[in-house]
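Engineer: Given the structure of chain A, go ahead and fit chain B onto it with the hints provided.
Now for the letters of each chain:
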Amino acid sequence: EPEVTQTPSHQVTQMGQEVILHCVPISNHLYFYWYRQILGQKVEFLVSFYNNEISEKSEIFDDQFSVERPDGSNFTLKIRSTKLEDSAMYFCASSDEGDTEAFFGQGTRLTVV
Amino acid sequence: AQSVTQLGSHVSVSEGALVLLRCNYSSSVPPYLFWYVQYPNQGLQLLLKYTSAATLVKGINGFEAEFKKSETSFHLTKPSAHMSDAAEYFCAVRRGSGNTGKLIFGQGTTLQVKP
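Chains as they are written, first to last, in the working numbering: chain A, 68 to 180; chain B, 101 to 215.
Just so you know, these hints were derived from the structure itself, not from any lab.
None of the values given here were measured: they were computed from a predicted structure.
The beta-carbon is built from N, C-alpha and C at its ideal position, and this holds for glycine as well.
Check each hint, because a few of them may be wrong.
In silico DSSO-like pairs for lysine-lysine, Cα to Cα no more than 30 Å straight-line [stated by the list, open to error]:
id : chain 1 : residue 1 : chain 2 : residue 2
1  : A       : Lys109    : B       : Lys214
2  : B       : Lys169    : A       : Lys124
3  : B       : Lys169    : A       : Lys109
4  : B       : Lys169    : B       : Lys149
5  : B       : Lys214    : B       : Lys149
6  : A       : Lys109    : B       : Lys168
Residues of chain B clear of chain A, computed beta-carbon distances all greater than 12 Å [to be verified]:
id : residue
7  : Val111
8  : Val113
9  : Lys168
10 : Gln212
This is chain A alone, in the form it adopts within the complex (with noise of 0.2 Å):
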């Protein structure tokens, strides 16, 4: 069964530092979208993606935040200089034309010291 794919598993990084989380979404799917949640919390939305460009975001996802689609296979979640609040676990997720529910990554935990 298809399933989308995060990696690495876990991150730490040092506080300042960039971040890049990687994402393979199912590989027919057209719409693509990061999440994260800090501990305790619920999911929140962060981005959309869709022919190319952000379709929609939040107001989390600042000038800090960056998604890109480098190639054919993978979606990836960049964070430029990373706060200790940007510690939270990230799922990637996507979906095709005509579905109703999107598809959930097993996430990655981003640990900011």
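Structural biologist: Relative to the frame of chain A, chain B by itself:
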């Protein structure tokens, strides 16, 4: 605008007892509604979804939910709890038309199952 409220951050039931996790939504357009489950240190797994067809939706692992427009609710139930049902459960809403769209999640409900 859309929002989701899950009543009760923690629910504890005995094994074999009825599970009822409450979810109320707010949406200015016809919604699609979802329940996701998250086991410890794992990702989000779709339990079931409502997409404007049958109002009573059956999902995996014996769970079901009923969409009640008049009550703006989408409560999750399971007749008999199993120890393996212990997890975090999230209700989510998105607009029910157009592109897939972003999901708005509730705060989550932790289900504890006692032996």
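Engineer: If a hint holds in the structure, say so; if it doesn't, say that too.
Structural biologist: A quick look at each hint next to the structure:
no. : hint                : in the structure
1   : A/Lys109 x B/Lys214 : holds (24 Å)
2   : B/Lys169 x A/Lys124 : holds (29 Å)
3   : B/Lys169 x A/Lys109 : holds (24 Å)
4   : B/Lys169 x B/Lys149 : holds (15 Å)
5   : B/Lys214 x B/Lys149 : holds (27 Å)
6   : A/Lys109 x B/Lys168 : holds (24 Å)
7   : Val111              : holds (16 Å)
8   : Val113              : holds (22 Å)
9   : Lys168              : holds (19 Å)
10  : Gln212              : holds (16 Å)
Violated hints: none; the structure is consistent with every hint.
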